[in-house]
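Peer 1: Spelled out from the first residue to the last, the chains are:
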Amino acid sequence: MIRFDQVSKRYEGGHEALSQLSFEVATGEMAFVTGHSGAGKSTLLKLLGLIERPSHGIVTLDGQNLAKIGRAGIPKLRRRLGMVFQDHRLLMDRTIFANVELPLMIGGMAPAERSKRVRAALEKVGLLSYERQLPATLSAGEQQRVGIARAIVAKPTLLIADEPTGNLDPTLAVEIMGLFAEFQSVGTTVLIASHDLPLIKRMKKRVIVLDHGRLVADVAAQEVL
Amino acid sequence: MSNQFEFPQKEFPMESPLTSDQSRGIRSKPRPVASWREHHGWSAAASLRRLMSRPVGTLLTVAVMAIALALPLTFYLLLGNLQKMGDALGQNQTISLFLQPGQSVSSADMLAKKLRERGEVAGVKVKSPDQGMDELAKMQGFSGALHTLDVNPLPFVLEVQPKADVSADSVDKLVTEMRGMSGVDQVQDGGTWRQRLEALLGVGQRVVLILAALLAVAVLLVVGNTVRVDIASRHEEIGVLMLVGASRAFVRRPYLYAGIWYGLFAGVLAVGFAVLVEWSLAEPVQRLGQVYAGKLAIDVLPVWLLAAVPVAAALLGWLGARLVSAWQLRKAA
Numbered sequence: 001m002i003r004f005d006q007v008s009k010r011y012e013g014g015h016e017a018l019s020q021l022s023f024e025v026a027t028g029e030m031a032f033v034t035g036h037s038g039a040g041k042s043t044l045l046k047l048l049g050l051i052e053r054p055s056h057g058i059v060t061l062d063g064q065n066l067a068k069i070g071r072a073g074i075p076k077l078r079r080r081l082g083m084v085f086q087d088h089r090l091l092m093d094r095t096i097f098a099n100v101e102l103p104l105m106i107g108g109m110a111p112a113e114r115s116k117r118v119r120a121a122l123e124k125v126g127l128l129s130y131e132r133q134l135p136a137t138l139s140a141g142e143q144q145r146v147g148i149a150r151a152i153v154a155k156p157t158l159l160i161a162d163e164p165t166g167n168l169d170p171t172l173a174v175e176i177m178g179l180f181a182e183f184q185s186v187g188t189t190v191l192i193a194s195h196d197l198p199l200i201k202r203m204k205k206r207v208i209v210l211d212h213g214r215l216v217a218d219v220a221a222q223e224v225l
Numbered sequence: 226m227s228n229q230f231e232f233p234q235k236e237f238p239m240e241s242p243l244t245s246d247q248s249r250g251i252r253s254k255p256r257p258v259a260s261w262r263e264h265h266g267w268s269a270a271a272s273l274r275r276l277m278s279r280p281v282g283t284l285l286t287v288a289v290m291a292i293a294l295a296l297p298l299t300f301y302l303l304l305g306n307l308q309k310m311g312d313a314l315g316q317n318q319t320i321s322l323f324l325q326p327g328q329s330v331s332s333a334d335m336l337a338k339k340l341r342e343r344g345e346v347a348g349v350k351v352k353s354p355d356q357g358m359d360e361l362a363k364m365q366g367f368s369g370a371l372h373t374l375d376v377n378p379l380p381f382v383l384e385v386q387p388k389a390d391v392s393a394d395s396v397d398k399l400v401t402e403m404r405g406m407s408g409v410d411q412v413q414d415g416g417t418w419r420q421r422l423e424a425l426l427g428v429g430q431r432v433v434l435i436l437a438a439l440l441a442v443a444v445l446l447v448v449g450n451t452v453r454v455d456i457a458s459r460h461e462e463i464g465v466l467m468l469v470g471a472s473r474a475f476v477r478r479p480y481l482y483a484g485i486w487y488g489l490f491a492g493v494l495a496v497g498f499a500v501l502v503e504w505s506l507a508e509p510v511q512r513l514g515q516v517y518a519g520k521l522a523i524d525v526l527p528v529w530l531l532a533a534v535p536v537a538a539a540l541l542g543w544l545g546a547r548l549v550s551a552w553q554l555r556k557a558a
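Those sequence lines, one after another, are chains A and B. Just so you know, we're using my numbering here: the first sequence kicks off at 1 and counts up by one. Just so you know, we're using my numbering here: the second sequence kicks off at 226 and counts up by one.
A few of these clues could be false.
[As the list claims (entries may be wrong)] Sample of chain B residues at the chain A side, in silico, Cβ under 10 Å: (1) 257; (2) 267; (3) 269; (4) 273; (5) 460; (6) 461; (7) 467; (8) 468; (9) 470; (10) 471; (11) 473; (12) 552.
[Unchecked claim] In the BS3-like style, the derived pairs of lysine-lysine whose C-alpha atoms are separated by at most 27 Å in a straight line are: (13) B:388 x B:350; (14) B:556 x A:76; (15) B:309 x B:388; (16) B:350 x B:363; (17) B:398 x B:309; (18) B:350 x A:68.
Bear in mind the hints are in silico, worked out from the structure with no lab data behind them. No residue lacks a Cβ here, since even glycine has one placed at the ideal position from N, Cα and C.
Between the sequences and the hints, there should be enough to build the whole structure, so can you do that?
Peer 2: Given below as structure tokens:
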């Protein structure tokens with residue numbers, strides 16, 4: 001599903017966020033990317049959504065070399081991904097329903113089918129009864145769940161999340177991670193950047209550890225203690 | 226696990242619309258035209274709602290644009306009426322030919338006949354010295370003085386009336402020609418003012434065109450700036466839309482419709498202004514008409530122009546929004 005081949009990313013100003021990074025994530029696998037802040041976790045995810053492009057090396061997604069996707073092809077690529085952000089990036093002036101509906105509307109789905117899918121996604125994150133409300137009336141954890149519903153509503157084959165539990169208390173964080181594990185169990189590939197080591201250990205999934213943009217450890221799920 | 230949020234397995238059936246594998250991906254059935262139309266409808270409605278949600282700001286923008294559009298329209302209206310007035314007054318224009326003293330009736334008649342044969346001339350009236358004397362006598366204050374004269378000092382006068390549709394230039398040429406005719410002493414032409422008016426109107430027409438072009442640019446800038454501010458204030462929303470896979474055309478669409486709405490409203494308001502000016506001018510122009518030719522009524526703006534202004538304004542609005550959004554979204558991406 002995901003393949004990084006000798007990938008480096010140097011930002012303007014000389015800071016090297018990723019350095020000759022190589023790894024693969026199989027279809028249907030769930031993996032964590034961890035490391036101290038500034039280790040390159042976010043950059044790694046940004047390369048997958050073509051929010052950034054690598055300076056060197058090849059990123060392949062589903063067999064497709066992302067370098068071959070031009071500017072006009074980016075929207076189409078992003079519609080295949082589900083992205084969850086630490087600050088959940090909801091549209092505060094639209095209802096929960098409208099927020100979750102957004103990717104389907106962009107994708108051009110018929111209204112009746114959209115409605116069905118949005119309800120299913122909201123039900124899955126336990127927020128169906130909130131569909132008419134605005135995001136501001138929800139708690140941080142609930143807002144993050146709306147963000148997750150939006151990411152999964154179009155049934156992406158790959159779900160990527162950047163510090164999805166960064167702003168949440170430990171109990172909520174466990175719930176959110178459980179939710180991601182549920183998506184993996186139905187066949188979605190999941191890649192999560194997180195620096196919350198205790199939580200990661202608890203999940204018993206593969207862990208990719210970065211340090212200053214280099215891969216320093218790649219621990220398989222069964223080896224996580 | 227808190228009781229407000231649980232993951233019971235039965236809420237996760239494999240055949241739910243979210244997990245059934247055969248419908249993975251967004252487009253179960255491709256429906257590009259329908260969804261395109263749908264989004265246009267949505268964008269038009271959403272942008273209208275946004276404009277209505279801040280009525281004062283929208284009204285101010287629309288008013289500024291409307292005034293910019295109404296100005297050339299009003300000038301055009303005034304110009305048209307001045308032109309018409311000039312034409313109407315031209316119909317009353319007469320050229321007086323004073324013959325040299327001592328010309329006979331027959332030579333005056335012959336000259337009159339020669340002039341009547343010309344294409345530019347509608348009619349020639351011959352006034353004999355006696356008739357001239359009678360006219361003068363009728364004027365107050367002259368009768369006494371005239372009695373002291375032994376001889377009638379007045380010459381024959383030919384009053385030449387040019388045809389109404391003859392241009393001021395040709396009339397001018399006729400006058401010059403008449404000055405050179407034998408037996409003619411003096412030619413008095415009341416028409417030079419008309420020539421001046423026509424030249425002035427020509428300048429006016431050019432001024433209206435330039436003004437219209439400048440003010441169209443102003444309309445473009447007003448729309449562009451309003452949309453620019455709008456886009457800047459929705460910077461985050463645009464970022465989110467792009468992150469979840471919206472194309473630029475999708476992101477841009479509501480702003481283009483906002484431009485169209487601004488233009489359309491401003492165009493309609495401008496036509497309203499112009500019609501108001503028309504009404505307020507109608508009465509004084511009519512009064513002027515009564516004083517002069519008696520057949521002068523206000524020349525109203527043609528219906529096609531009134532219909533074209535909102536359409537053209539909507540196009541200008543679209544163009545302004547398009548230019549700014551292209552530039553603005555490139556920055557965002």
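Peer 1: Hints first: check each against the structure and report whether it holds.
Peer 2: Hint check results:
no.	hint	in the structure
1	257	6 Å, holds
2	267	8 Å, holds
3	269	15 Å, violated
4	273	16 Å, violated
5	460	12 Å, violated
6	461	8 Å, holds
7	467	7 Å, holds
8	468	6 Å, holds
9	470	4 Å, holds
10	471	5 Å, holds
11	473	8 Å, holds
12	552	15 Å, violated
13	B:388 x B:350	14 Å, holds
14	B:556 x A:76	20 Å, holds
15	B:309 x B:388	16 Å, holds
16	B:350 x B:363	19 Å, holds
17	B:398 x B:309	22 Å, holds
18	B:350 x A:68	91 Å, violated
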